[in-house]
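Could you slot chain A onto chain V? The hints should help.
Number of protein chains: 2
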Amino acid sequence: MNEIPHWLEKQNDLQPTKVAIEYGEHQSISYSELREESRKLAKGLMKKGVKSGDHVAILSGSRIEFPVCVHALSYVGAVIVCLNMRLSPEELAFQLTDADVTWFIVDPEFVEKGHKAMQSTTLNEDHIVTMDRLPKAEDSIYLNDHLCLDDVFTMMYTSGTTGKPKAVMHTYGNHWFSAVASALNLGLSASDKWLVCLPLFHIGGFSILMKNVIYGMPIRMLDRFDAKVINNGIRHHGVTIVSVVTVMLQRLMKDLQENSYPASFRCVLLGGGPVPKPLLHKASEKSIPVFQTYGMTETSSQIVTLSPSEALRKLGSAGKALAPATLKIFVDGRIAKPYETGEIHVKGPMVSSGYYKKGHQEAEYLATGDAGYLDEEGFLYVVDRVKDMIISGGENIYPAEVESVLIGIEGVEEVAVTGMVDDEWGEVPAAFIVKKEGTDISFEKMATYCRDHLAPYKIPKQLFIISQLPRNASNKIVRRKLFQSVEGEQGHGH
Amino acid sequence: MNEIPHWLEKQNDLQPTKVAIEYGEHQSISYSELREESRKLAKGLMKKGVKSGDHVAILSGSRIEFPVCVHALSYVGAVIVCLNMRLSPEELAFQLTDADVTWFIVDPEFVEKGHKAMQSTTLNEDHIVTMDRLPKAEDSIYLNDHLCLDDVFTMMYTSGTTGKPKAVMHTYGNHWFSAVASALNLGLSASDKWLVCLPLFHIGGFSILMKNVIYGMPIRMLDRFDAKVINNGIRHHGVTIVSVVTVMLQRLMKDLQENSYPASFRCVLLGGGPVPKPLLHKASEKSIPVFQTYGMTETSSQIVTLSPSEALRKLGSAGKALAPATLKIFVDGRIAKPYETGEIHVKGPMVSSGYYKKGHQEAEYLATGDAGYLDEEGFLYVVDRVKDMIISGGENIYPAEVESVLIGIEGVEEVAVTGMVDDEWGEVPAAFIVKKEGTDISFEKMATYCRDHLAPYKIPKQLFIISQLPRNASNKIVRRKLFQSVEGEQGHGH
Chain V
1 MNEIPHWLEK QNDLQPTKVA IEYGEHQSIS YSELREESRK LAKGLMKKGV KSGDHVAILS
61 GSRIEFPVCV HALSYVGAVI VCLNMRLSPE ELAFQLTDAD VTWFIVDPEF VEKGHKAMQS
121 TTLNEDHIVT MDRLPKAEDS IYLNDHLCLD DVFTMMYTSG TTGKPKAVMH TYGNHWFSAV
181 ASALNLGLSA SDKWLVCLPL FHIGGFSILM KNVIYGMPIR MLDRFDAKVI NNGIRHHGVT
241 IVSVVTVMLQ RLMKDLQENS YPASFRCVLL GGGPVPKPLL HKASEKSIPV FQTYGMTETS
301 SQIVTLSPSE ALRKLGSAGK ALAPATLKIF VDGRIAKPYE TGEIHVKGPM VSSGYYKKGH
361 QEAEYLATGD AGYLDEEGFL YVVDRVKDMI ISGGENIYPA EVESVLIGIE GVEEVAVTGM
421 VDDEWGEVPA AFIVKKEGTD ISFEKMATYC RDHLAPYKIP KQLFIISQLP RNASNKIVRR
481 KLFQSVEGEQ GHGH
Chain A
1 MNEIPHWLEK QNDLQPTKVA IEYGEHQSIS YSELREESRK LAKGLMKKGV KSGDHVAILS
61 GSRIEFPVCV HALSYVGAVI VCLNMRLSPE ELAFQLTDAD VTWFIVDPEF VEKGHKAMQS
121 TTLNEDHIVT MDRLPKAEDS IYLNDHLCLD DVFTMMYTSG TTGKPKAVMH TYGNHWFSAV
181 ASALNLGLSA SDKWLVCLPL FHIGGFSILM KNVIYGMPIR MLDRFDAKVI NNGIRHHGVT
241 IVSVVTVMLQ RLMKDLQENS YPASFRCVLL GGGPVPKPLL HKASEKSIPV FQTYGMTETS
301 SQIVTLSPSE ALRKLGSAGK ALAPATLKIF VDGRIAKPYE TGEIHVKGPM VSSGYYKKGH
361 QEAEYLATGD AGYLDEEGFL YVVDRVKDMI ISGGENIYPA EVESVLIGIE GVEEVAVTGM
421 VDDEWGEVPA AFIVKKEGTD ISFEKMATYC RDHLAPYKIP KQLFIISQLP RNASNKIVRR
481 KLFQSVEGEQ GHGH
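Protein chains in written order, with the UniProt record's numbering: chain V, 1 to 494; chain A, 1 to 494.
What the hints contain is simulated information worked out from the structure, not anything from laboratory work.
Just so you know, these numbers come straight off a predicted model, no measurement behind them.
Among these hints, one or two may not hold up.
Copies of the same chain look alike in the list, so a pair counts if it fits in one copy or across any two.
[What the hints assert, rightly or not] Straight-line C-alpha distance at most 25 angstroms; calculated DSS-like pairs for lysine-lysine:
#, residue 1, residue 2
1, K436, K476
2, K51, K136
3, K358, K18
Here chain V stands alone, though its shape is the one from the complex (with noise of 0.2 angstroms):
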């Protein structure tokens, strides 16, 4: 029961004229291209040496070749190591030995990078291919028609906001549970097209390429965020659902302006983070219809959705476990009562077996690392991670929530808190903020509206106006270098 047809060959095998892929300007890919490109690629490469189980990287940006490298090592049964085409040499370098990378795929944009990472490796010239110059051949080489789904699939590092990043380990079985699991909360039409702009080495984006073959579903795929572009394929190109972070769909509804989506777009999923409800309530008000999601690289991308006829009445919450998942929130080892933060902890057939060579996830349920509470009807709320919590005279203080306050300030562009030593209170907030130009915001204009939303020991006791909030190469704000980015800038408090 652990074995299902290669995904790409059953495609072709149903709708083999079908648009798979749409990308650059006007191009597109059928299934059956698609396929065959893959085909070609993973007999080039098997030809190069490649073979099932060894530990193929990728460093690439969104461009067509991503998904048929993809496919390629499928048909080869090797595991892909995706790389974040944001991080230094010496990083990547880390990676490929940390992973036991053998073979090294690299987009020619950063095939410079890519060689000086691989100086630090046991790598050499043998080992990389770049895109440009893809192997492919047409010998009658075997490749898998079924893919088991125990066997590992991807490695992604997680972004490691704190300590050294590891790779979490993906099968098939996680990522196809997670497509239908899905499938099974939003539904799904045979008119349906799902737009991808996140990058495709990160999870949200990578399981929108494993939605594309799984479903069968056409994905419109985009080589960086644009809003005028993504507005222009929702509002004319028959995109029905779209994936995207809170600044993204901020940037979005900026550049609709006064426009709206056709009703056939049915879908904004909303992911990476909490998000300020100023934003909810103005998406609201325009018919956007956000489902706000909750996931993580571990949980192969969503665990936790808002459905649609809650969106409105659960505004700020990230909703449910879906069909096939379960979610708990544990305090001090005990199950937490309604309303009562502690960390989320998560069990499903899409959750990760654990991080290569750190040993396989014993735990019936993955902790998360992330706070959150449930209210009484247990729809999930996230407050933070639980590392970043502020303990100030016992009194447990979650940024993400002051933030959330923060942000409805007029003048605020970005905001970031995070705890300060404070000789009374042991810590106390701290309030990090980017000013949109041409404004002013003072200390005592940031207190004064705090007071009428925020417990006075949440309240934040210094104001640092800095010029850019310290973000890694997964764009996540790394709070604990904001006071690095502080200096030369300015403090205002009492």
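Just chain A now, kept in the frame of chain V:
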């Protein structure tokens, strides 16, 4: 990766107040009520002595207690043995004994039959539970909150048109993959409602109970086939999908007369054997969205379906194997060429791992016993049972092909074809026809009609007009009993 949350627990979590099942005149039960009833029954059964792993038979018509019992037994972890209510006490006794049944749940309507059957088994009064007196309890007893996909959940005897029936075992995973495969094929919408008029003890009806809790999709349950009631459900009660067999579709269309179905009605899933082409043409003329399917108990219902977009272009085909399944035609141990008829073999996670006490299915592919061929695009055409093939002067004749022609003759109500011994050709086809009232059919009329549609060797050499066709408890025609039904009736031929 082989565990999922108990599906009814999950639906109760996701949409407790949503109607799960509509039944009776105007009755309905929500997911939370269905859960509550099922849990109370589970606890009542456990207090009575039913344990995880016990084999519990259900002998029942399509009443609301049926799904309640099904879910209760999944909470207990017991294995359900689905009994056909049309079986004789003797046949029931065989299945109760063969399946090692230790508990017996009986519809009040079949209490007498159930007791008669029990007398030839080791079961006694303590082991029988009637559905009008189901034990319910509210004690604090542990019930399964997860389901293991590898655990056996149901056993159903194959209708066995030849030989002793065998119990097909289905795991939770078989049912889960079957439901998901269907959703990937047909799509899934929040407004879907599936009408079930097939017996629940057969896989065709049972699989809809599974979709009910796996998708969280409401179903409308009828206790018997009634064309008027079904057409009313489709036209006025939001039914979007219905599963039927050929004769049911004929009656639905007859009752529909000049009326039509609403646009929201999106699928007639038509299974249960070869379908006469004139019926498909007629349905197409009336814009009825018929999806032909092919499946059997061993494949947990449909495994091959003709996709919407191909329904007209490939009239008469059963389509292609669903996404997680594979299909091959074998002739003499080799893979058949296009249009070459051979035995249909299938593989996939919805395929049963074997028959109870008959050892596991060892072969990679399940040999279905059905004959069929693929066209040059890989679409399946089911021809007939391999065993029913007639060999006439070295030519293979499949009765179903001949029947599909004969049904087109004016005045023919029902038809069956089988082989009869012939000195010259070894075997020749013989036709058995049930006439419509007030019509007359001569051998010459039949033969003349056939000459336009069939090769000479396929034209029946004898015609028998009979009053009804011999059918088994599953309502399938038993061709080997055709000649017995002729006794006292007249044969015509040359």
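Going through the hints against the structure:
1. Proximity of K436 and K476 under a CA criterion of 25 angstroms is satisfied intra-copy only: 20 angstroms inside one chain copy versus 75 angstroms between copies.
2. Taking CA atoms no more than 25 angstroms apart as the test, K51 paired with K136 passes inside one copy only; the shortest distance there is 15 angstroms, against 59 angstroms between copies.
3. In the homo-oligomer, the alpha carbons of K358 and K18 never lie at most 25 angstroms apart, since the shortest distance is 42 angstroms inside one protomer and 44 angstroms across protomers.
The structure fails to meet hint 3 from the earlier list, while all remaining hints are met.
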